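Novice: Listed below, chain by chain, are the residues.
There are 4 protein chains.
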Amino acid sequence: MPIDLRHDPEVVELVEKTERFIRDYVLPIEEAHNGDITAAGGDDLRREMNAKAKAEGIFAPHAPVEFGGLGLNMTDRAAVFEAAGYSTFGPVALHIGAPDEGNVHMLDHIASEEQRQKFLAPLASGEVRSAFAMTEPAPGAGADPDALNTQAVRVDGGWKINGTKHFITGAEGAAFFIIMARTAGSPGDRGGATMFLANADTPGITVGRHINTIDKAMIGGHCEVTFEDVFVPDEDILGEVDQGYRYAQVRLGPARMTHVMRWLGAAKRCHDVALDYVSRREGFGGKLGDLGMIQQMVADNEIDLAASRQLLLKACHELDLGNHASNETSIAKTFAAEAYSRIADRSMQMCGGLGVSADLPIARLAQELRPFRIYDGPSEVHRWAIARRAIGRAKKAQAAAEAK
Amino acid sequence: MPIDLRHDPEVVELVEKTERFIRDYVLPIEEAHNGDITAAGGDDLRREMNAKAKAEGIFAPHAPVEFGGLGLNMTDRAAVFEAAGYSTFGPVALHIGAPDEGNVHMLDHIASEEQRQKFLAPLASGEVRSAFAMTEPAPGAGADPDALNTQAVRVDGGWKINGTKHFITGAEGAAFFIIMARTAGSPGDRGGATMFLANADTPGITVGRHINTIDKAMIGGHCEVTFEDVFVPDEDILGEVDQGYRYAQVRLGPARMTHVMRWLGAAKRCHDVALDYVSRREGFGGKLGDLGMIQQMVADNEIDLAASRQLLLKACHELDLGNHASNETSIAKTFAAEAYSRIADRSMQMCGGLGVSADLPIARLAQELRPFRIYDGPSEVHRWAIARRAIGRAKKAQAAAEAK
Amino acid sequence: MPIDLRHDPEVVELVEKTERFIRDYVLPIEEAHNGDITAAGGDDLRREMNAKAKAEGIFAPHAPVEFGGLGLNMTDRAAVFEAAGYSTFGPVALHIGAPDEGNVHMLDHIASEEQRQKFLAPLASGEVRSAFAMTEPAPGAGADPDALNTQAVRVDGGWKINGTKHFITGAEGAAFFIIMARTAGSPGDRGGATMFLANADTPGITVGRHINTIDKAMIGGHCEVTFEDVFVPDEDILGEVDQGYRYAQVRLGPARMTHVMRWLGAAKRCHDVALDYVSRREGFGGKLGDLGMIQQMVADNEIDLAASRQLLLKACHELDLGNHASNETSIAKTFAAEAYSRIADRSMQMCGGLGVSADLPIARLAQELRPFRIYDGPSEVHRWAIARRAIGRAKKAQAAAEAK
Amino acid sequence: MPIDLRHDPEVVELVEKTERFIRDYVLPIEEAHNGDITAAGGDDLRREMNAKAKAEGIFAPHAPVEFGGLGLNMTDRAAVFEAAGYSTFGPVALHIGAPDEGNVHMLDHIASEEQRQKFLAPLASGEVRSAFAMTEPAPGAGADPDALNTQAVRVDGGWKINGTKHFITGAEGAAFFIIMARTAGSPGDRGGATMFLANADTPGITVGRHINTIDKAMIGGHCEVTFEDVFVPDEDILGEVDQGYRYAQVRLGPARMTHVMRWLGAAKRCHDVALDYVSRREGFGGKLGDLGMIQQMVADNEIDLAASRQLLLKACHELDLGNHASNETSIAKTFAAEAYSRIADRSMQMCGGLGVSADLPIARLAQELRPFRIYDGPSEVHRWAIARRAIGRAKKAQAAAEAK
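Chains B, W, P and H supply the protein sequences, listed in that same order.
Here UniProt numbering is used: the first residue of the first sequence is 1, the next is one more, and so on.
Here UniProt numbering is used: the first residue of the second sequence is 1, the next is one more, and so on.
Here UniProt numbering is used: the first residue of the third sequence is 1, the next is one more, and so on.
Here UniProt numbering is used: the first residue of the fourth sequence is 1, the next is one more, and so on.
No lab work stands behind these hints, which were simulated from the structure alone.
Don't take every hint at face value.
[As the list claims (entries may be wrong)] Okay, derived cross-link-like pairs now, DSS-like style, lysine-lysine, Cα gap no bigger than 27 Å in a straight line:
1. W:LYS287 / W:LYS268
2. W:LYS268 / B:LYS396
3. B:LYS54 / B:LYS396
4. P:LYS287 / W:LYS287
Given the structure is predicted, the values throughout are model-derived calculations rather than measurements.
The shape of chain B in the complex, shown without the other chains (with noise of 0.2 Å):
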């Protein structure tokens, strides 16, 4: 049977589906907040679009059917994900934005039967949300996750917790924290970390100031959160001691990739408005789109777009076929973040001053996209394991070679 890039008509419909709901819904909403798109409204209007999003049959596409979700793979997820991040507030609206994306997909994949009840249920449905606190400040773990820092101790029943996390996502309004830390070997070593769940109700966990990052969007804010003597019970431990890496491993593929589907909805929507400026507008005896050099960043974004989306597809296919992709998912990563950026800076300039102005909704975009280039990985870190992966192979030929 030949290669075939179609999604199925029942897909190609949700996708439709999805962007009208993005067009004719929320898009409207957005813009009734005048340009502060601050934690996507906050949790109010959260409810109130998670609701509309559930009579339309569009809401939480990738949550296991069970809970209400539509059970799509990561192939049919990255159509409707891009769908819904044409509108900053749209994957909020879906139940499909950062942490609670991530955790539904590891929480399906790792969570025992009463985890699922407890924490896996709620969440999926969008009755609450989550965070998932594994960052920390220096010199602890960020984008080298070994030097994970915030310790967790045996103590009678269950273990007790201790450290501090910055820049977790959705921690202000969070019901329930997935808490990474470390039970065996010191802060360098590879290995030894423990994921945790516990209620944010939980003795010991305050959750402090919100970083004041460019990005606005994240419901939930980026926080500082720290742990004091924080009692988590042997039966909410996620998985097994000292696998938590390994689970983090299950997490981070999938909720890399989601992030690129939703900020290529937010490049797309930034070209979309670029493209109707520079045909409309007149300039230099004609429309500026008749012009080259506006031309060339018209086709520049076009291409990125392009190659992001295949990208991110090939990625998406192997996490489907059951490949862990660390390597797929690193290159779909680190191009789409970089191509976005540039597409956002592109058309910006297509729009002149006011593409640098909140009267159109690019450099506000352009703030939110921004961040991924550091998020979930700096793209320096993702080209240091691409590039270790490729000498590698090419040591390993050259002991084949020599052995002949």
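Given the coordinates of chain B, work out where chains W, P and H should sit on it, guided by the hints.
Specialist: For chains W, P and H alone, coordinates are given in the frame of chain B:
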């Protein structure tokens, strides 16, 4: 059914067979030529390599089965052609080089039954080579095909052709020409072109000097060709009169993509040579491959290769669906041609002094790859076409919105 | 005498004084504003800082000596303005911010003796601020100045002006406006513009909304301004009628260069903050600054800073020689504006999550710097002008060769 | 006194004389070679061109006046060398090619009076050529000079040298060698190198194969050279024992800059050829030079040329002041080498099919220019050095701040 990017097992096997053929049979031949890749060794070697490829069952994977080919579609060709392109002698060895491969493709779609027997059969089997005579010196048809200057005038029983062409790949030694000539309108007009088939020994056809381009591997060179009162009988018109531009489209998209395929193999080889070098060579207290700036170049090569491959796959899939795919092939061609230059350049840089010498194949491969940003439509022309389509879409959307 | 790039000792001393003033006095004020750089703190703070700068003997280094300035030429200004631009509050502190600095420069060259006393004297001394009203909303004068739409019609004893401007920097709180209006020809024609001086309280002048651009530090904002039957008496015409474009050139070249100077300081600061960060922060078994990919960003920043500085110097020198220097200022402006964005972006990347937060000043400086690729002529317009001159030279050379 | 970037009138005149010499005398010779620029025509032509240059009063502008040169400083050399570099035969014609020009410079600074007469006098006058033998094949001295492997051991009355060098420019036909050999320490150690002067006919010196690099114009090639028990008497030590690295610095900075100068001329020529082409050639309803994407390439070439020239001037000025200028020369070299590749590449692209053919000189000039990103220290090594200095400054500032 979920999207599937995997080739069928028999195609996978064919690719592996091709890789072995290139590694074990073709590369040693290339190496024996000591860096002289002119005309990929010439016609005698071509016939010898073709025989071997036939024996291996990998000859002419794109050609119709009735003429001894394997009848692969575009997505499957992609993987086999990439494998063949790893050696500059590979495409000739499999008989999938330009322009023959594109001519086989076009004749298979357009030729009459008589023409199939007379022209396609010997071409598909590798008995003869062919040339496609479209490009003209200034002010004729170049990046701008409408400037077509070569004239065909109606005479008794056929047409008489006069004109000058240049950059005619494979002209030296071609058994026949497909000649693009104007049968209606004036230079600058859209349309009015017709394709003619003419044996190379037809009176009035003269193959002139080889243009001394930096790429050297094309068998039959890039030649100047003049047509002086060349008579072509009506039965040797390819397709219908005045439909030449339409047929050129049939050839153009796929031919563009097979360039992308073959040169992807060449780019991959540059990268592999550099990888081998930096993973062996010591410097600055370790292997070169341990240095961050080298790793960045390695990773960027990997990303460029991956993106080229996926954009190619997408365009091939569109072609396989029977679409014109002008946009997808323009995007894939533009991205890939530029990516290949970057890959060759980084690979050269990684290998230092040896990289710019004939001691490694990278420098000469870089020369093979560079013209692709000009051949088959310069990047600027493709960008212009891509942008015009995008802006056209925006204008249509505006008109639709206003119509409401 | 050999070429000498060194400033005179008294200028070097002035630069060092300015650096100390910024470091010890201005930066602490900026820090006290906690990242809120709106309008560089406003007019009260401006007067306070101006007084301090006067006391230090570094106030208004560009202004005529007769009005309390230091009378520096362009090459010497370059170094002082760069030092001042290190803080977003620095240019206002020294009274060398746009548009006042450019207006002082232009008035000094063109104003009549009466106008010098009435407008230049209070402006040069910092008693008042001013605005330059040229840019118009579409389809008026923007990147293409010939589109000038604002009309001045002859009335008894003067002119009556009607029109709408936008992006008028410093309009809010300006004591007077320099208004560019059409006195001959139609929108699209070359020439036919005149400059008018008008106090802000002249009937018919209305400062409208502040355009909410991503840069925030300009005192008086970027405003919409309307002129409705604004009467300007003949004695308040700046220079001669219909010579507005010629005078605009007097302002344009130097004003472009002083932007390059001030923002060079801001770019330098981004780089310094990143350098400080990567030379402290641990990760991957050492300091971040020991990693090759970080070093590449550091080096590219250094190269970009150096090239911007030298191109600026070259353009300033041409201006000091009394040349229009349109080409040199276009080249310096285009390169520098793009280099500053690159520098800010790399600096952000080096600082990871903190780089995209308000915890470091880089993210907001990036927002200050980005619009410079659009303000004062988008890069595309400058490239067009640069190319046209180069191609014009080639054509002239051809004509000369043919004439032989 | 204000900064002045203008050359003295006699230097301006010298530059113009050189431009005329190149245009009227050297370029016709180059053209008569029909694209074969190997060794810039060889030694017989060199002598003929040298005689002509002497007659014109422009020979050896860098050499000491006592030996027939013009004794120009670095900033003045810059303009003359650029003019000469416009033809690939120009530097040889003026006797300012590598490595002779750098050897003259170094000998003038370091040689003893006897060595001046014996080695410098015939070299400066163009009677003979010379070579500088430093670079070694892996694992010896390459990008990392500390890896120096060639050994000199003390013997009665002098030293005995053994080792292998490669990429020794000008070796074939050189009258004498300056040999860098280790007199203390082991490969990998800083320091311990000494420079030796040895006539080419000294027993034990063998010039081996020419490395077949993509640049062809260097007279005497890039050769492998072996030293087998080569005896050098004490009086032919250049400077003092163990001070070789220090002297290499004397040569390195200026030699780097003269490469930048000469190849600036070559890059300028690529641009001029492309300008001439796009201002004549019709296409797409006008001249190519009227198209925005072509104009962008033209403007980017202009910007790259201007920035290279100004960074060069800055570095030369620092050298003229007697400073090491390692940072300034690294910055100028790195920027310029990369800019020249970009310029050649854009120029090629603008000329389409002819650009990648031998019908225009651009393609071969591109091959001359490409290796400069590797020769004289790859860009990566320069970036590493630039970054280390910048980070070192940051650390020093931190230590100073902490000391308070």
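Novice: Determine for every hint whether it applies to the structure shown.
Specialist: Here is how each hint holds up against the structure:
Annotation: proposed proximity of W:LYS287 to W:LYS268 holds, straight-line Cα distance about 22 Å (limit 27 Å). Pair hint W:LYS268 plus B:LYS396 holds up; C-alpha atoms about 17 Å apart against a cutoff of 27 Å. Simply put, B:LYS54 and B:LYS396 have alpha-carbon atoms about 52 Å apart, too far for the 27 Å limit, and the pair is violated. For the proposed pair P:LYS287 and W:LYS287, the alpha carbon gap of about 20 Å is at most 27 Å, so the pair holds.
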